[in-house]
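Taken in order, these protein sequences are the chains called A and B. Under my numbering, the first residue of the first sequence carries the number 1, and numbering increases by one thereafter. Under my numbering, the first residue of the second sequence carries the number 1001, and numbering increases by one thereafter.
Honestly, the hints are just simulated from the structure, not real lab data. Take these hints with a grain of salt, some might be off.
Not everything, but these chain B residues come out facing chain A in the computed CB check (under 7 Å) [stated by the list, open to error]:
no.	residue
1	Phe1083
2	Ile1109
3	Leu1144
The calculated DSBU-like cross-link candidates involving lysine-lysine, where the alpha carbons are at most 35 Å apart (straight line), are [said to hold, decoys possible]:
no.	chain 1	residue 1	chain 2	residue 2
4	A	Lys84	A	Lys101
5	A	Lys147	B	Lys1084
6	B	Lys1147	A	Lys147
7	A	Lys101	A	Lys147
8	A	Lys147	A	Lys84
9	B	Lys1147	A	Lys101
10	B	Lys1147	A	Lys84
11	A	Lys84	B	Lys1084
12	B	Lys1101	A	Lys147
13	B	Lys1101	B	Lys1147
14	B	Lys1147	B	Lys1084
15	B	Lys1101	B	Lys1084
C-beta atoms are modelled at their ideal positions from N, C-alpha and C, and glycine is treated no differently.
Here is what each chain is made of, one letter per residue.
Protein chains: 2
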Amino acid sequence: MSEAAENTRLLHLEPLGDATGYASQMHTLIERSPLFENFNLAEIRLMSHFMQVFRAEPGIEIIREGDAGDFMMLLIDGRIEVFKQDRWNAPRLIAMLDPGKTVGEMSMIDGGPRFATCVAAERAIVAVLRREALARIILEQPILGAKILMELVMMLSQRLRQTSARLVAYMDREEERDN
Amino acid sequence: MSEAAENTRLLHLEPLGDATGYASQMHTLIERSPLFENFNLAEIRLMSHFMQVFRAEPGIEIIREGDAGDFMMLLIDGRIEVFKQDRWNAPRLIAMLDPGKTVGEMSMIDGGPRFATCVAAERAIVAVLRREALARIILEQPILGAKILMELVMMLSQRLRQTSARLVAYMDREEERDN
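Using the sequences provided together with the hints, build the complete structure.
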């Protein structure tokens, strides 16, 4: 599915304008946010100019597994359920996000398919950062841009270490069974 | 083990100075380099000022699994064998690197333990980029710094997608067996 389809989905959300009015609230959340925990209020304020805020009613699907995507989002208020299809294509709850958590970084970065589906479990407020906005930050605010990229690199590196360790453990177990 | 230990290991390599004299050669390799394939000659030249070149004789260990690390390297000439310990702590060959390939990005980024051991399979020339040099690039050459970070983010994102897909496949197989 195209990014246009994902943008169409965002039309089901109520747009609340850019994120500047939410900068203080976002800053109170960042200690719970692995991605933004090292950002100070001035940096959050600066970044908020490049983000849009949306409200999602309960049950609304914000991101759909398999779609191409071009944004990440920070959950400001409410809760989001994350589902991944199992091998019978049935949705399986794999995570529950609370305020401060971010989701969708990988597709923002590479435009690749969404790994999972995100549904508002209760009325949710999210701040969206699109890839083209990140590109503008890098050009217009290079120091902030480098900081965001550095945090993304650190986060991905950490996740890759965890995922690789789990994969190696599964491979070992399978081999043990086969011997 | 400390980063100091890893730096001690680099002392077993012959230092050949900074990488400026190797910029053209590095540029001829980049089409084989997932990390640097989008860099033009001017960018490689600029980056080469921040990299050091070393020669490793055959059999010399350049990176040791489990060590803390603070650099990545680009293989300019020769071949490098990559070993990972299996569960009996025996080294298992998991990859063979040829010129243009990079290795060590994750530890450069987060200072965490090396995932595998790298040994020169034949006389090898490597260009090393340390974390502190990347930090200087970001400050002194922010556009180049953002480009390097963006490429790192893309590479990690791609690897994370591949590793996650393999992990999900193993988890599915295991569940199928248990049912």
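Status of the hints after comparison with the structure:
no.	hint	in the structure
1	Phe1083	violated, 14 Å
2	Ile1109	holds, 5 Å
3	Leu1144	violated, 11 Å
4	A:Lys84 / A:Lys101	holds, 18 Å
5	A:Lys147 / B:Lys1084	holds, 32 Å
6	B:Lys1147 / A:Lys147	holds, 13 Å
7	A:Lys101 / A:Lys147	holds, 18 Å
8	A:Lys147 / A:Lys84	holds, 31 Å
9	B:Lys1147 / A:Lys101	holds, 26 Å
10	B:Lys1147 / A:Lys84	holds, 32 Å
11	A:Lys84 / B:Lys1084	holds, 31 Å
12	B:Lys1101 / A:Lys147	holds, 26 Å
13	B:Lys1101 / B:Lys1147	holds, 18 Å
14	B:Lys1147 / B:Lys1084	holds, 31 Å
15	B:Lys1101 / B:Lys1084	holds, 18 Å
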